[in-house]
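A.B. asks: What follows is the residue order along each chain.
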Amino acid sequence: MSRLSRFEQLVLPHLDAAYNLARWITRNDHDAEDVVQEAFLRAIRYFEGLKGSEARPWLLAIVRNTSYSWLEKNRPADLVGLDDAGPLAAEGIAPGQAIGEDNPEVVMLQSANRKLVNQALEELPVSFREVIVMREIEDLSYKEIASIAGIPTGTVMSRLSRGREMLKRAIESRMRRAS
Amino acid sequence: MGVKTEPDDEPLIARDATYYRAPEALRVRVRAAVRAQARAQSRPMLWRWGGMAAAFAATIAVTWNVALLQARGGETERIAREVESAHVRSLMVEGHLNDVASTDQHTVKPWFEGKLDFAPRVEDLAPSGFALIGGRLDYVDGRPVAALTYRHRLHVVNLFEWPAATAGDTEPTAISRKGYVIAHWREGGLQYWAVSDIERNDLLQFARALAPR
Numbered sequence: 001m002s003r004l005s006r007f008e009q010l011v012l013p014h015l016d017a018a019y020n021l022a023r024w025i026t027r028n029d030h031d032a033e034d035v036v037q038e039a040f041l042r043a044i045r046y047f048e049g050l051k052g053s054e055a056r057p058w059l060l061a062i063v064r065n066t067s068y069s070w071l072e073k074n075r076p077a078d079l080v081g082l083d084d085a086g087p088l089a090a091e092g093i094a095p096g097q098a099i100g101e102d103n104p105e106v107v108m109l110q111s112a113n114r115k116l117v118n119q120a121l122e123e124l125p126v127s128f129r130e131v132i133v134m135r136e137i138e139d140l141s142y143k144e145i146a147s148i149a150g151i152p153t154g155t156v157m158s159r160l161s162r163g164r165e166m167l168k169r170a171i172e173s174r175m176r177r178a179s
Numbered sequence: 180m181g182v183k184t185e186p187d188d189e190p191l192i193a194r195d196a197t198y199y200r201a202p203e204a205l206r207v208r209v210r211a212a213v214r215a216q217a218r219a220q221s222r223p224m225l226w227r228w229g230g231m232a233a234a235f236a237a238t239i240a241v242t243w244n245v246a247l248l249q250a251r252g253g254e255t256e257r258i259a260r261e262v263e264s265a266h267v268r269s270l271m272v273e274g275h276l277n278d279v280a281s282t283d284q285h286t287v288k289p290w291f292e293g294k295l296d297f298a299p300r301v302e303d304l305a306p307s308g309f310a311l312i313g314g315r316l317d318y319v320d321g322r323p324v325a326a327l328t329y330r331h332r333l334h335v336v337n338l339f340e341w342p343a344a345t346a347g348d349t350e351p352t353a354i355s356r357k358g359y360v361i362a363h364w365r366e367g368g369l370q371y372w373a374v375s376d377i378e379r380n381d382l383l384q385f386a387r388a389l390a391p392r
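Heads up: the protein sequence lines correspond to chains A and B, in order. Position 52 of the first sequence, counted from 1, bears residue number 52 in the working numbering, the numbering being contiguous throughout. Position 12 of the second sequence, counted from 1, bears residue number 191 in the working numbering, the numbering being contiguous throughout.
Incorrect hints may appear among the rest.
What the hints assert, rightly or not - Just so you have them, the derived chain A footprint on chain B, three or more residues with Cβ under 8 Å:
#1 195-203
#2 350-361
What the hints assert, rightly or not - In silico negatives: residues of chain B with every beta carbon more than 12 Å from chain A:
#3 305
#4 323
#5 345
Bear in mind the hints are in silico, worked out from the structure with no lab data behind them. Quick reminder that beta carbons are idealized off the backbone N, C-alpha and C, glycines included.
Produce the entire structure from the sequences given, and follow the hints as far as they go.
C.D. replies: Structure (structure tokens):
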């Protein structure tokens, strides 16, 4: 099989995942399209780097890098506030502890409408937004997210729980304002 | 830290947040760009720059065609579909292809007289590799149109002509649909739709051969 057809078989099927991540990071359809095209050009250029590993996380790491380079160039303000050491992280919330399935807040989150969740998630700082998108929308494992974002698994977990907490608060305050 | 120790975090956002799927136009664009890039990479260094330029040009061309398609929206898409169906129908049963079978443009052109409310342009392009084989009446876009047929090696090209709804000439652009290529342009008050299963570039060559220089 040729290099191109191997690429088309292994990598191209993850176009939706690539677009979803780029769209959530750039928060704009058109920018996400440009980022994805650029990422795929990088991917075919460095296709040999995939070797035996999983194609989806490998591609998503490229998409993430491309998205960040794009943000640095076009919207550097989006990249400030990447600090993990906030009050919530200091409290040391264990992953999964703050939010459980039978928690009434979970029910609230679930019944909150799509628009509310989308808006709140969009307004989260990008470093929290991306781990939530990868974990909950893209269903990647902690290990995969860690390798894509180039951070330790522990950081993935703390960002996830802190991100969820921030999201929950944002949704609550939006709901309060709405009522 | 193994998979087992991961807490059972039930997706909360999964059901409410949007999973953005790649638009179809992006799919087309990415595939074309990747192909061009792969071809460029497989060439020796000397050819790289040419290849990159080609990749860039291919991307631009595809983007432009897609943009054009989107701008004209469903209209172009709808006619393209009709034209494609007419082409397929014309080849389904023997005798459907031509009402007048002739390689002589001076026989084919007069045959349309009195059958249409416009005079179609009929030209034999045998010197360019597209030999006229005949013509028929067809029905596209809610009106009778002229259909001219050409042979290119073992393939048939259907060329549909009828008066253009908008003024101004346009350069031929080609789109691919399910193995068929459809080229479209406007010239001298008529709109032209050519369809075949030949290579995209060959069909564009046909379109350009027809345009007066």
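A.B. asks: Could you run down the list of hints and mark each one as holding or not?
C.D. replies: Results of checking the hints against the structure:
Here the region 195-203 of chain B counts 8 residues with a CB under 8 Å from a CB of chain A, which clears the bar of 3, and the coverage holds. For the region 350-361 of chain B, the stated coverage by chain A is not satisfied: 0 residues place a CB nearer than 8 Å to a CB of that chain, which falls below the threshold of 3. Every CB of chain A lies more than 12 Å from the CB of residue 305 of chain B, the least distance being 37 Å, so the non-interface label holds. Against chain A, the non-interface label of residue 323 of chain B holds: every CB pair exceeds 12 Å, the least being about 41 Å.
In this structure residue 345 of chain B is separated from chain A by more than 12 Å, as the shortest Cβ-Cβ distance comes to about 27 Å.
The structure is inconsistent with hint 2 alone, although it conforms to all the rest.
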